[in-house]
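J.: Each protein sequence line maps, in turn, to chains A and B. First residue of the first sequence: 1, per this note's numbering; consecutive thereafter. First residue of the second sequence: 255, per this note's numbering; consecutive thereafter.
Worth flagging that the hints you see were computed from the coordinates, not collected in a lab. Just so you know, even glycine gets a beta-carbon here, dropped at the ideal spot from N, CA and C. Please note that the accuracy of each hint is not assured.
Said to hold, decoys possible - Sample of chain B residues lacking proximity to chain A, with all beta carbon distances greater than 10 angstroms (derived):
{"no.": "1", "residue": "Gly301"}
{"no.": "2", "residue": "Lys358"}
{"no.": "3", "residue": "Arg391"}
To be verified - A few chain A residues facing chain B, derived, Cβ under 7 angstroms:
{"no.": "4", "residue": "Ala83"}
{"no.": "5", "residue": "Gln85"}
{"no.": "6", "residue": "Ile92"}
{"no.": "7", "residue": "Arg97"}
{"no.": "8", "residue": "Ser100"}
{"no.": "9", "residue": "Glu101"}
{"no.": "10", "residue": "Leu104"}
{"no.": "11", "residue": "Gln165"}
Stated by the list, open to error - Below, simulated DMTMM-like cross-link-like pairs (lysine to aspartate or glutamate); rule was C-alpha separation at most 20 angstroms, straight line:
{"no.": "12", "chain 1": "A", "residue 1": "Lys141", "chain 2": "A", "residue 2": "Glu129"}
{"no.": "13", "chain 1": "B", "residue 1": "Lys358", "chain 2": "A", "residue 2": "Glu114"}
{"no.": "14", "chain 1": "B", "residue 1": "Lys354", "chain 2": "A", "residue 2": "Glu113"}
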Amino acid sequence: MSFLNKLGIGVGSPRTTQGVRHEVPGPIHLTSRARTPGAPAPQAGPSRGAVEGESNRLSNGLKELLWNLDGLERGTLLDLGPAWQTTLSFFIERGFRVSSEDILFAWKSFLNEEEARLKQDFAAGETLEMTPSARATRFMKENLQYSRSSFDAVLLWDLLDYLEQALVKQVVASLTELLRPGGVVFAMFHSKKPEGFQRYRVVNSNTLQMVPTAVLCPPQRVYQNREIQDLFGRYRTMKSFIGRDQLRETLFIK
Amino acid sequence: MWKREDAKSQGVAENSSVASGFGKSQSFDSSNSFSDSSRSAATIGQGIRIKGEVSGTEDLFVDGFVEGKLNLAADCCLTVGPNGNVKADLVAREIVVRGKVEGKVIARDKLQIGSTGEITGEVQTGRLVIEDGATLRGTVEAGRMEVSKADTKAVAAAATSTANKPSPQPTVLGSGTAAH
Numbered sequence: 001m002s003f004l005n006k007l008g009i010g011v012g013s014p015r016t017t018q019g020v021r022h023e024v025p026g027p028i029h030l031t032s033r034a035r036t037p038g039a040p041a042p043q044a045g046p047s048r049g050a051v052e053g054e055s056n057r058l059s060n061g062l063k064e065l066l067w068n069l070d071g072l073e074r075g076t077l078l079d080l081g082p083a084w085q086t087t088l089s090f091f092i093e094r095g096f097r098v099s100s101e102d103i104l105f106a107w108k109s110f111l112n113e114e115e116a117r118l119k120q121d122f123a124a125g126e127t128l129e130m131t132p133s134a135r136a137t138r139f140m141k142e143n144l145q146y147s148r149s150s151f152d153a154v155l156l157w158d159l160l161d162y163l164e165q166a167l168v169k170q171v172v173a174s175l176t177e178l179l180r181p182g183g184v185v186f187a188m189f190h191s192k193k194p195e196g197f198q199r200y201r202v203v204n205s206n207t208l209q210m211v212p213t214a215v216l217c218p219p220q221r222v223y224q225n226r227e228i229q230d231l232f233g234r235y236r237t238m239k240s241f242i243g244r245d246q247l248r249e250t251l252f253i254k
Numbered sequence: 255m256w257k258r259e260d261a262k263s264q265g266v267a268e269n270s271s272v273a274s275g276f277g278k279s280q281s282f283d284s285s286n287s288f289s290d291s292s293r294s295a296a297t298i299g300q301g302i303r304i305k306g307e308v309s310g311t312e313d314l315f316v317d318g319f320v321e322g323k324l325n326l327a328a329d330c331c332l333t334v335g336p337n338g339n340v341k342a343d344l345v346a347r348e349i350v351v352r353g354k355v356e357g358k359v360i361a362r363d364k365l366q367i368g369s370t371g372e373i374t375g376e377v378q379t380g381r382l383v384i385e386d387g388a389t390l391r392g393t394v395e396a397g398r399m400e401v402s403k404a405d406t407k408a409v410a411a412a413a414t415s416t417a418n419k420p421s422p423q424p425t426v427l428g429s430g431t432a433a434h
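With the hints as constraints, model all of the structure from the sequences given.
T.: Structure below.
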């Protein structure tokens, strides 16, 4: 039981979340969008039940993140995943000012736009530098534009596994600038190439829900511990939790 | 920090509102759970483009293009339809977004973002409801919001005075809604 639940202020119904519970996979986004007009929308909120294809996992990383953020009067959080009701509600209820930016969706859109622009205008291909690094720089000019030291925590999820390496370096460097000293990044890394694509949302203080969705970007690489340490070299502490589902949850404290 | 009773005033919508807010009707009609059923809504249709400031004292449904400012009185609901494209700062009691919005969004009571809704910009709201699939890019501040009576009166006065002036063109807006 989490620290918050011990105090009786945990959020969401206490459900059995031992290990990882797999159910029949299915793209929840597609079913959500394609539902019959007038039919009730899927319920959201902290006590929302698991929909077909979704599964819950115990998250020691989330628990540790909350422990690190405990005591903040009015924290600021940057969520780089999709804007889920449950996740935003969870942190807003705890007094956080939450910024949301689905960086993977933005990257996908950016690539599509660049491709469309190049198709329309062949000359643009000559003026635009097409190296991965230059493309990442162009992307970063339009994204993650916040003031320095403006966040206490960042939910990075497993996004780094899906981004090009040149972009990963720039994203991590940017996040380091955005975090206040003592701020925390919550990231996840797959220990082997993931078979499906899923997004994550917070159910309660020690449980994440994994939501299978249509693939936004293919996995780029599996990071080894050494590579992760090098990426986050400017952080003073790194703490990892390895799950039975080949997913490592890692906290980086600046 | 993190007290359960505090959470109730922090403006996160209850689950019941999520279920009732989006499922009933795609159009802004009397069956819609978030509007006053006795009132009709002014409409900015799909083929309408407005640049400037729109203010009003009645509910408004935007399915066209608006650029500038959109400011409704304290008890009014604003709905951006699935075809709506709004590049403006929005102020209303309750705002429902099913189309695209770019700008600052202030929903004094409640903001609902439908599965097809996209918001880019800062959000301030009393309560927040997000349907799966919605896109939100910006900062959210949710919690009880103080409604400025002076602001409300100013909006109402501006809308009324403009609505009373004779209009040279047939209006597509309701009597309480004005485009400047």
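J.: Please list, smallest to largest, the hint numbers that this structure does not respect.
T.: Numbers 3, 10, 11 and 13, in rising order.
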